[in-house]
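Protein chains in written order, with this note's numbering: chain A, 1 to 114; chain B, 115 to 368.
Do not take every clue at face value.
To be verified - Footprint (simulated), chain A over chain B, 3 or more residues, beta carbon under 8 Å:
| id | segment |
| --- | --- |
| 1 | 120–129 |
| 2 | 211–223 |
| 3 | 272–278 |
As the list claims (entries may be wrong) - Dumping the calculated PhoX-like pairs for lysine-lysine here, alpha-carbon to alpha-carbon at most 20 Å:
| id | chain 1 | residue 1 | chain 2 | residue 2 |
| --- | --- | --- | --- | --- |
| 4 | A | Lys27 | B | Lys215 |
| 5 | A | Lys32 | B | Lys236 |
| 6 | B | Lys236 | A | Lys85 |
Derived from the structure by calculation, the hints contain no laboratory data. Here a beta-carbon is modelled for each residue, glycine too, at the ideal position from N, C-alpha and C.
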Amino acid sequence: MNEALMIGGMALVTFLIRYPVLALVGKIDMPKRIFDALRYVAPSVLAAIVIPVVLLPSNKPIQQLPDAIPLVATLLAALVMWRSKSLLATVIVGIAAFVILRAALPLFGPVFGQ
Amino acid sequence: MTAVSTPRSEFLAGMRDTIPMDVGSLPFGIIFGAVAVNAGLSPFGAQSMSLFVFAGSAQFIAAGLVAQNVSALFIVVTTFVVNLRHALYSATLAPYLRHVKARWLPLMGFTLTDETFVIVFKRFEERGALPYGQWYFLGSSAVMYANWQLCTLAGIVAGRTIPNPLDWGLDFAATVTFTGMIVSMVRNRSTGLAVIVAGVVALIANPLPNRLGLMLAALAGVVAGVIGKSLFREDQVERLGVSSDVGPVARGQQ
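Produce the complete structure using the sequences and hints provided.
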């Protein structure tokens, strides 16, 4: 495998997706309907990234307690964002909850029989 | 905001607003570096990929494919499919960047990531087409790019000593930042509907390869949002002037 060729090809196709639309669409008059529709791109893409990670960890439905940790930490993060409106606080609390729950998992073992 | 906006203040604001996203992508970058060298890329190749491709999830998938010894052509085609969503990002941001000189656009295109798109879109949506919007964009790009390079380097250096970097689950950090952004964006019912529909379609389409499910889910979310907007009569609310909605050409700038 030619590493340089692969990386060069990846760089080229990625640039050719990102740049031309940015350059061309700014030159034409976009109908208001399309412009309004595009405002749903960001929340939709984010939901499409996050929800499978949380509800299908390892591409399987949640079956055991450890699988539910991302879900619990994410719900907590959502709550922090809703109340505090601070993205940084949300990130710190969410990651801390995730790390602490994973570390504390053995403690729950006897309770849930795992 | 009463402060006068200058290229410098916009650049700094873009940097500042993107820092939480950096925290979220930090583990992701380190894990990429570690996975890439364990997969058989040279340290130089792994860093070059971050320097020249600069697309997190595509780089991850490429590293996974390198480990399976598939052809370079297949990896390039896969990269194209995985990154297709960026065309939607470009189309979304372009109306706000009409006044920007053409020479800046290649740099902005090259550094357009999920994170920068989300941060910049939120700013433009709240404030309309800013005269120095490109500097906000580039400020966001600068901290994402620097962060990604340093994290990749750290991952490459640590790579041999981390046996199974993916088992640590720290790629979860990005999920948290994205969750925060979703919460901050859901301000009306149509956006809530878009999020729910995109999420459900993403779950159903999860088995599709190359993140095609992501693309499908995003499109379904956009359609749901548009339908929801007329269903919930948000158009009328906007016309009454209740919404703080600002279009790209509003405010008479430039």
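Comparing the hints with the structure gives:
no.	hint	verdict
1	120–129	violated (count 0)
2	211–223	holds (count 8)
3	272–278	violated (count 0)
4	A/Lys27 / B/Lys215	11 Å, holds
5	A/Lys32 / B/Lys236	18 Å, holds
6	B/Lys236 / A/Lys85	14 Å, holds
Of the numbered hints listed earlier, those contradicted by the structure are 1, 3.
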